[in-house]
Amino acid sequence: MADSSSETALVVGVDPRRRRGGPLPRGGTARRDAVRALPLLPAVVLLAVFLLGPVVSSFYGAFTNASLRGAAARSTEFVGLRNYVDLFSDPDFPKSVLLTLVFLIGSAILGQNVLGMVLAVAMRSSARPVRGIVSTIVVGAWVLPEIVASFAAYAFFAQDGTLNALLGLVGVEGPSWLYDAPMMSVILANVWRGTAFSMLVYSAALSDVPPEITESAEVDGARGWQRFAYITVPMIRRSISTNLMLTTLQTLSVFTLVYVMTGGGPGTDSSTLPVLAYQEAFRFSELGLGTAIATILLVVGGVFSVVYIRALRPEAD
Amino acid sequence: MRRTTTSLALIGGGALLLSGCGGGGAGDADTIRVAYQKFGNFTQLDDLLHEVKTEFEETHDGLTVELVPIEAQQNDYFTKLALMNQSASTAPDVMYEDTFMIKSDVDAGYLAPLDDYVADWDDWDQFFDNAKQAGLGDDGALYGIPMGTDTRALWYNKELFAQAGLPVPWEPETWQDVLDAAATVKEALPGVIPLNVYSGKPQGEAAAMQGFEMLLYGTDDTLYDTDAAKWVTGSQGFVDALQFIADVYQGGLGPTPQQALDTNVATTVAAEWLPAGELAIALDGSWLSGTWLESGTTPWPEWNDVMAQAPMPTQNGQEPGATSMSGGWTLAMGSGTENPDAAWDFIALALNKDNSKGYDIANSQIAVRSDVADDPEYTAANASFEFFSSLVDVTHYRPATSDYAQISNEITVAMEAVMTGQQTPEEAAAAYDEAVIGIVGEESTQDG
Chain Z
766 MADSSSETAL
776 VVGVDPRRRR
786 GGPLPRGGTA
796 RRDAVRALPL
806 LPAVVLLAVF
816 LLGPVVSSFY
826 GAFTNASLRG
836 AAARSTEFVG
846 LRNYVDLFSD
856 PDFPKSVLLT
866 LVFLIGSAIL
876 GQNVLGMVLA
886 VAMRSSARPV
896 RGIVSTIVVG
906 AWVLPEIVAS
916 FAAYAFFAQD
926 GTLNALLGLV
936 GVEGPSWLYD
946 APMMSVILAN
956 VWRGTAFSML
966 VYSAALSDVP
976 PEITESAEVD
986 GARGWQRFAY
996 ITVPMIRRSI
1006 STNLMLTTLQ
1016 TLSVFTLVYV
1026 MTGGGPGTDS
1036 STLPVLAYQE
1046 AFRFSELGLG
1056 TAIATILLVV
1066 GGVFSVVYIR
1076 ALRPEAD
Chain F
28 MRRTTTSLAL
38 IGGGALLLSG
48 CGGGGAGDAD
58 TIRVAYQKFG
68 NFTQLDDLLH
78 EVKTEFEETH
88 DGLTVELVPI
98 EAQQNDYFTK
108 LALMNQSAST
118 APDVMYEDTF
128 MIKSDVDAGY
138 LAPLDDYVAD
148 WDDWDQFFDN
158 AKQAGLGDDG
168 ALYGIPMGTD
178 TRALWYNKEL
188 FAQAGLPVPW
198 EPETWQDVLD
208 AAATVKEALP
218 GVIPLNVYSG
228 KPQGEAAAMQ
238 GFEMLLYGTD
248 DTLYDTDAAK
258 WVTGSQGFVD
268 ALQFIADVYQ
278 GGLGPTPQQA
288 LDTNVATTVA
298 AEWLPAGELA
308 IALDGSWLSG
318 TWLESGTTPW
328 PEWNDVMAQA
338 PMPTQNGQEP
348 GATSMSGGWT
358 LAMGSGTENP
368 DAAWDFIALA
378 LNKDNSKGYD
388 IANSQIAVRS
398 DVADDPEYTA
408 ANASFEFFSS
418 LVDVTHYRPA
428 TSDYAQISNE
438 ITVAMEAVMT
448 GQQTPEEAAA
458 AYDEAVIGIV
468 GEESTQDG
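Chains as they are written, first to last, in this note's numbering: chain Z, 766 to 1082; chain F, 28 to 475.
One chain only, chain Z, in its complex shape (with noise of 0.2 Å):
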């Protein structure tokens, strides 16, 4: 009770915090609020181990030669940048970044978003059996388990599978679409199953746009496209950014549908990061340059979500 405010605050009879709001005193209520952060502690410690602590591991396994077999598997040493060095000299690495983003803004950017703003949009004006029934078949993809939704979409895709038996019904000899178009086939696939999310995003955000706006606009003599381009879409810009952010994040850790449908191939055509990595990890047995794989892939989603979250601020308006 050195402190002279604090002596004057008690004379006064009020508490020095709420009257100067400025720097809190020291001593007797520091340690009330430890005591009281207490309870937290167990939350924190659990935070760290579970959710800090893989990701510090694999950015230090990303340094070492940790391996499945050999001498590297009993004794893992340091090997400093090399497995980054490795990465950056793989012609494999490149490409497998490029297909990474081309699977990323097709299927979640472009496909998803796209798409699940047309059919929310869409759904708002049409008939309720019409909604009950489109919105039943688009969440329905969504609720399957990623490897069920794999296998159903190989099985759609594979050459004797049911698009090409669709196409033949109509005389056309389909090609091998899993073999030649690879990445198209995945980034269909993916825009299949996750769609839904989109759609029930955007949905919710357009019920939340005040009808009176879109009318005054409306009479103000905007067209439908208009109306859309410069009323909704500002006003529902942050879930357009949080959709962004969430299927972008979703999409990159996409692994099971990739992996069921080409294994990464043919050859390297359609090895997305997450298939690399996998394969480097457990098909090579070289468990560092796997990890230093998925590391790339957390600055990739870092990257991608400041973005995001930059455009989300509130400055921005």
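Among the hints, erroneous ones may be present.
So the derived list for chain Z, only partly shown, Cβ under 7 Å to chain F, looks like this [said to hold, decoys possible]:
1) ARG834
2) GLY835
3) ARG839
4) ALA887
5) GLY1030
Honestly, the hints are just simulated from the structure, not real lab data. Beta carbons are placed, not taken as given, at the ideal position from N, Cα and C, and that holds for glycine.
Once you have looked at the hints, place chain F on chain Z.
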């Protein structure tokens, strides 16, 4: 506040309990855990181990055998086994181990030496000397007891050959003869796949050994110079072998690349294409007929009337005229076993004369025990044993180094690049050379 504290404490306590569970359950001395592969047509080992389990438990009071069949294609089997071995709580006591994995798994510290045990094991004298070598680690100690060996050659369908106007018996003398015969089949019998050579990443070691090395060891070059202890890069033989793969897959003489890149293609070849007469020539192993025996997954009583074998010729018919590759699998003991004596008893029981004979017959293995090889029941059991045993004279073994497993993967990468047309054989060979240098270092390679 009070409620929050309580629930947080509960969550914390629960998490501690959960994480405690993960760490516990380490191996115990009364259970022998046996990890092995069971996949597709390969169920003979599963049968053997179930019999041995019963026999073992009857004679060893208080001990239990836990069989852990790993249902995965070969490369995934290696991965899963390595992952099991990385944790003391899952490491097996006994494992089914490919001879080519022994050295790298010894380096990784997964396997226990068996020299002391075989010193007191009378049966060991029955094993052929080269089979005894197959289970050695780089340190010269013994780590695996071989179950049988194998050779590889061309299997062909006599009926399809007759229909296509090709001679039976077929005696190709060069690679070109093989490609010509395949081209004749393609011409005469549309709808029949002329020739299958395993290739590409999904086939893993089957592609590297059964496909690529069956070719490379028939050229004037080799994969590894044993005397200099260096890996060969930039060799013409490597490019030529890749060219053969390109000729087969880009030339329409093989299955379509998407069929060939299906992880199940080995099962399809043995269980569907050959019995149904949809494939004319298969570059495959001595064990193939195991699938068609009564004990196999796809019994085919007429197999020996329809199928015949020809040795794989060298590239231009150079000496010794034919080539083959040999490998084989062993039973090995995990280094973390709590009861090594019991684990050894299990291995010794599984590979005694009767069990070895039963397994070699059921799985069409070339016997590595002289008492089995001489047994009339064994020699009479399968018409192809004599042919495949005769290839032992011209057979090759894979480089016995702990780097081989990784380099084998790079071979499959090169194969897949040429079979899909992504790279020319020269480009794929150059990429392979670079990858090998990355694995073993420049100083451990030499120009071919």
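Now the hints, each set against the structure:
A least Cβ separation of about 4 Å between ARG834(Z) and chain F falls short of the 7 Å threshold, and the interface hint therefore holds. Annotation: GLY835(Z) was flagged as interfacial toward chain F, and the flag holds, the nearest CB pair being 4 Å apart, inside 7 Å. The beta carbon of ARG839(Z) comes within 4 Å of a beta carbon in chain F, closer than 7 Å, and the hint placing it at the interface holds. With a least beta-carbon distance of about 37 Å to chain F, the hint placing ALA887(Z) at the interface is violated under the 7 Å criterion.
Given the 7 Å rule on beta carbons, the hint for GLY1030(Z) holds: about 6 Å separates it from the nearest Cβ of chain F.
Violated hint for the displayed structure: number 4, the only one.
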